[in-house]
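Heads up: the sequence lines are chains A and B, in that order. full-length UniProt numbering puts the first residue of the first sequence at 1, with every later residue one more than the last. full-length UniProt numbering puts the first residue of the second sequence at 1, with every later residue one more than the last.
Hints were generated in silico from the structure; no laboratory data involved. A few of these clues could be false.
[Unchecked claim] Some, not all, of what chain B presents toward chain A, calculated at C-beta under 7 Å:
| # | residue |
| --- | --- |
| 1 | W160 |
| 2 | I191 |
| 3 | E245 |
| 4 | I308 |
[Said to hold, decoys possible] Below 30 Å or equal to it, Euclidean Cα-Cα: the simulated BS3-like pairs (lysine-lysine) are:
| # | chain 1 | residue 1 | chain 2 | residue 2 |
| --- | --- | --- | --- | --- |
| 5 | A | K153 | A | K191 |
| 6 | B | K214 | B | K185 |
| 7 | A | K153 | B | K38 |
| 8 | A | K191 | B | K249 |
| 9 | A | K158 | B | K38 |
| 10 | B | K129 | A | K158 |
| 11 | B | K129 | B | K43 |
| 12 | A | K273 | B | K261 |
| 13 | A | K85 | A | K67 |
[Unchecked claim] So the derived list for chain A, only partly shown, Cβ under 10 Å to chain B, looks like this:
| # | residue |
| --- | --- |
| 14 | A81 |
| 15 | K85 |
| 16 | P137 |
| 17 | D195 |
| 18 | P227 |
| 19 | Q230 |
| 20 | D268 |
| 21 | K273 |
| 22 | Y295 |
| 23 | V305 |
Quantities reported herein were computed from a predicted structural model and do not represent experimental measurements. A virtual CB, placed ideally from N, CA and C, is assigned to each residue, including glycine.
This is what each chain is made of:
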Amino acid sequence: MSLLKTNVITSVKYLRSFSVLCRKSNQDHHLKKCPILFNTQRWLFWERHRKGGYDTTIKTSNWEHLKNGLVELKHELKLFAKELKELYDMDPLLIARPGEIDLLWCFNSPTVLEKFVTTCDSDHGEGYSSCNLEMSPAGRALFHGYLDTRVPKDGRIKKAGYCAMRSKMQRKSFKRASTFDWHLYNTLVLKVRGDGRAYLLNISTEGYYDITWNDIYHYILYTRGGPYWQVAKIPFSKFVLGSKGRLQDKQTRMRFDKVTHFGISCGDKIVGKFNLEIEYVGLEFDPTHDEEFAYEMYKTDKYIVAV
Amino acid sequence: MATKILRHILRLPSSHFMYRRWESSNTKVAVYDPFANKPKKNKDTYLEAIKMFENQDNRRRGHVEFIYAALARMKEFGVHKDLQAYKALVDVLPKGKFIPSNIFQAEFMHYPKQQQCAVDLLEQMEDNKVMPDSELEQMLLNVFGKRGIPLRKFWRMLYWMPKFKNLSPWYLPDELPNDTLELAKMAIHRITSVDPTMKIEIWQTEEIEACIDKTWIVSAQSETQKILLSEQPPDEPLVVRGPYEVYLKEQVVTYFTLLGKVRPEHKDDFDQDDVSNLKKPSGIPGFIGQTTLPVVKCTVHEQDDGTIVAVCATGSSSRDSLLSWIRLLEKYDNSVLSNLPVIFTLTAPSNDVVVQETQPAAEDVKRVQN
Numbered sequence: 001m002s003l004l005k006t007n008v009i010t011s012v013k014y015l016r017s018f019s020v021l022c023r024k025s026n027q028d029h030h031l032k033k034c035p036i037l038f039n040t041q042r043w044l045f046w047e048r049h050r051k052g053g054y055d056t057t058i059k060t061s062n063w064e065h066l067k068n069g070l071v072e073l074k075h076e077l078k079l080f081a082k083e084l085k086e087l088y089d090m091d092p093l094l095i096a097r098p099g100e101i102d103l104l105w106c107f108n109s110p111t112v113l114e115k116f117v118t119t120c121d122s123d124h125g126e127g128y129s130s131c132n133l134e135m136s137p138a139g140r141a142l143f144h145g146y147l148d149t150r151v152p153k154d155g156r157i158k159k160a161g162y163c164a165m166r167s168k169m170q171r172k173s174f175k176r177a178s179t180f181d182w183h184l185y186n187t188l189v190l191k192v193r194g195d196g197r198a199y200l201l202n203i204s205t206e207g208y209y210d211i212t213w214n215d216i217y218h219y220i221l222y223t224r225g226g227p228y229w230q231v232a233k234i235p236f237s238k239f240v241l242g243s244k245g246r247l248q249d250k251q252t253r254m255r256f257d258k259v260t261h262f263g264i265s266c267g268d269k270i271v272g273k274f275n276l277e278i279e280y281v282g283l284e285f286d287p288t289h290d291e292e293f294a295y296e297m298y299k300t301d302k303y304i305v306a307v
Numbered sequence: 001m002a003t004k005i006l007r008h009i010l011r012l013p014s015s016h017f018m019y020r021r022w023e024s025s026n027t028k029v030a031v032y033d034p035f036a037n038k039p040k041k042n043k044d045t046y047l048e049a050i051k052m053f054e055n056q057d058n059r060r061r062g063h064v065e066f067i068y069a070a071l072a073r074m075k076e077f078g079v080h081k082d083l084q085a086y087k088a089l090v091d092v093l094p095k096g097k098f099i100p101s102n103i104f105q106a107e108f109m110h111y112p113k114q115q116q117c118a119v120d121l122l123e124q125m126e127d128n129k130v131m132p133d134s135e136l137e138q139m140l141l142n143v144f145g146k147r148g149i150p151l152r153k154f155w156r157m158l159y160w161m162p163k164f165k166n167l168s169p170w171y172l173p174d175e176l177p178n179d180t181l182e183l184a185k186m187a188i189h190r191i192t193s194v195d196p197t198m199k200i201e202i203w204q205t206e207e208i209e210a211c212i213d214k215t216w217i218v219s220a221q222s223e224t225q226k227i228l229l230s231e232q233p234p235d236e237p238l239v240v241r242g243p244y245e246v247y248l249k250e251q252v253v254t255y256f257t258l259l260g261k262v263r264p265e266h267k268d269d270f271d272q273d274d275v276s277n278l279k280k281p282s283g284i285p286g287f288i289g290q291t292t293l294p295v296v297k298c299t300v301h302e303q304d305d306g307t308i309v310a311v312c313a314t315g316s317s318s319r320d321s322l323l324s325w326i327r328l329l330e331k332y333d334n335s336v337l338s339n340l341p342v343i344f345t346l347t348a349p350s351n352d353v354v355v356q357e358t359q360p361a362a363e364d365v366k367r368v369q370n
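In isolation and in its complexed conformation, chain A is listed as follows (with noise of 0.2 Å):
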């Protein structure tokens, strides 16, 4: 019996399926011991991974989880205590002061960047672009690198060329998933002295169903380039949702308190280096901004849109 279970399992692996309708045996089995992931199976009703496959956990052995629970503990316990006191105080932060910018990030030290990670295609071995994330000579936050749209040969993989930073996941003390709340504000906050290019910014709002896993509200971040900062205050409200990439047919607001992940993206297909230089990320309440979502929710006929 395992010995048909683990030939259905392998069998079933090796079978790419991008619809019911449209599926497609691997013929690469050579490839199987190769690092590069095989995982794209992507069923109709059904996501097995919450990373679509990529598989980014880092493997340890139990006593070292041992360890570095020991070490975390500390860390830890002081978070809870802080929670305790913030409840304690009960002093929450109730309206927002239009026209002051609370700030989310304040890129002025190297502890900030650590709430942040970079990927790239390379990181994949789908691509050749890298990034990296550091300390600008002006002491703020350099997110630089080469974009690469060269596509590797593997037949597999039809474009490339992405590079991205992202905060990481919100928490709460002893590892419990958390999530922002923005929904005192209505506008995003920027500072940011860039190189001409337009890049992506990307708001998760990841839910506990496998469909809102990939649910990333974007919008585009135009910079000026140049020596000069430069302020950029986009609305909520013009944020357009998208899954996996894909913009998506029916729109909906954004949901401020279930924000997971913010991140800014470059992969405007433009060959080269680029260079942005972050001063912070904030939020802001801006009274005079009433519109509630920027595009069209009206009805259309059935089963032309969203199917």
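Starting from the known structure of chain A, arrange chain B on it as the hints suggest.
Then chain B, alone, in the frame of chain A:
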């Protein structure tokens, strides 16, 4: 034995029987590529090759393979941003045959290879920022009918692409000029657009007699920057920083900045909440508070890594052209530069430098004299 047979059966991909139809066309067949041996690669020959394919067989066998081959060769022929070329490719598909005639056909992707091919074509249009028009919609409707997947893709494109087309606050024309001087002018105009009083001037280095590198300089300096430069103390050096890059779509322009010393932040000790001594200034009815401007006026040019005094782009980006720039700045209204030291911090000369340099590549201080 039984387990062996079972294992053998299970080892076959489960899709093998059900989806044999899809896999049959995956086998690699050498397709005759009519685009490979065209002597001239331009739009006319591209359209001609498509016409030849249409005429050689009125059943148009292998049109999906042909369209994929044609899509892959678009960049080579320089038609990847040409709507007419895409329309010619859609025209290859036969009309009427692929329109589903009942709900089952409509639901289960009638002619999937052909539909996928049209979707890939539209995707390539989207990637190359080609906006479709209503004529293409009509063509696709004639091929796939209104329930076709390519039509859904098309409508999505027509819905979203115009929304994002003119979003950039810094306008750029569809076709950028080929002339580097024009590009440099556009780039300098864009990066200095923070200050509306910015004046952009084009100088030739020939005006300076001592110059080796004969080229042009696009320099930008506003009246404010002139004042800031004149307030630079003579014992503190100015710094030429660069080369930095700015992108105008795919084009890259290198620019340099002239930085002055970091100016102290203006401190305003005036207590706004102090109402003990309110004075109403004469002449401004109803105005309460300070009317005089702060002593150090804060401008956009004062940043905490230095005060930007001027910005330029030169034809060769060489050190000699930058030296000429400093001298030209001095010649035109910045006489203070004659007794200010200037540091050139170019880490390495950029690749298109013509001039032979004798100085070491590290920092070298040049006292500008005339």
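Do the numbers back the hint for A/P227, that is, is its least Cβ distance to chain B under 10 Å?
With a minimum Cβ separation of about 5 Å from chain B (threshold 10 Å), the hint on A/P227 holds.
When the least beta-carbon distance from A/A81 to chain B is tested against 10 Å, hint result:
Violated, about 36 Å.
30 Å Cα cutoff - pair A/K153, A/K191:
Given pair A/K153, A/K191 is violated - Cα atoms ~39 Å apart, limit 30 Å.
Tell me if the interface restraint on B/E245 is satisfied: Cβ within less than 7 Å of some Cβ in chain A.
This interface hint holds because 6 Å falls under the 7 Å limit.
Under the criterion of a CB-CB separation shorter than 10 Å, is A/D195 in contact with chain B as hinted?
holds, 6 Å
When the least beta-carbon distance from A/K85 to chain B is tested against 10 Å, hint result:
Violated - the Cβ of A/K85 stays beyond 10 Å from chain B, reaching only about 32 Å at its closest.
Report holds or violated for the interface hint on B/W160, using the least CB-CB distance to chain A and a cut-off of 7 Å.
Cβ of B/W160 sits 6 Å from chain A, so the hint holds.
Hint check: B/K129 vs A/K158, CA-CA at most 30 Å. Holds or violated?
This hinted pair holds, its Cα atoms lying about 18 Å apart.
Would you check whether A/V305 satisfies its interface hint, that is, whether its CB is within less than 10 Å of any CB in chain B?
holds, 8 Å
Check the hint pairing A/K85 with A/K67 against an upper bound of 30 Å on the C-alpha distance.
holds, 28 Å
Min Cβ distance, A/Q230 to chain B: is it shorter than 10 Å?
holds, 8 Å
Given the hint that A/K273 pairs with B/K261, does the C-alpha gap stay at or below 30 Å?
Distance of about 29 Å is within 30 Å: holds.
When held up to the earlier numbered hints, the structure conflicts with 5, 14, 15 and fits the remainder.
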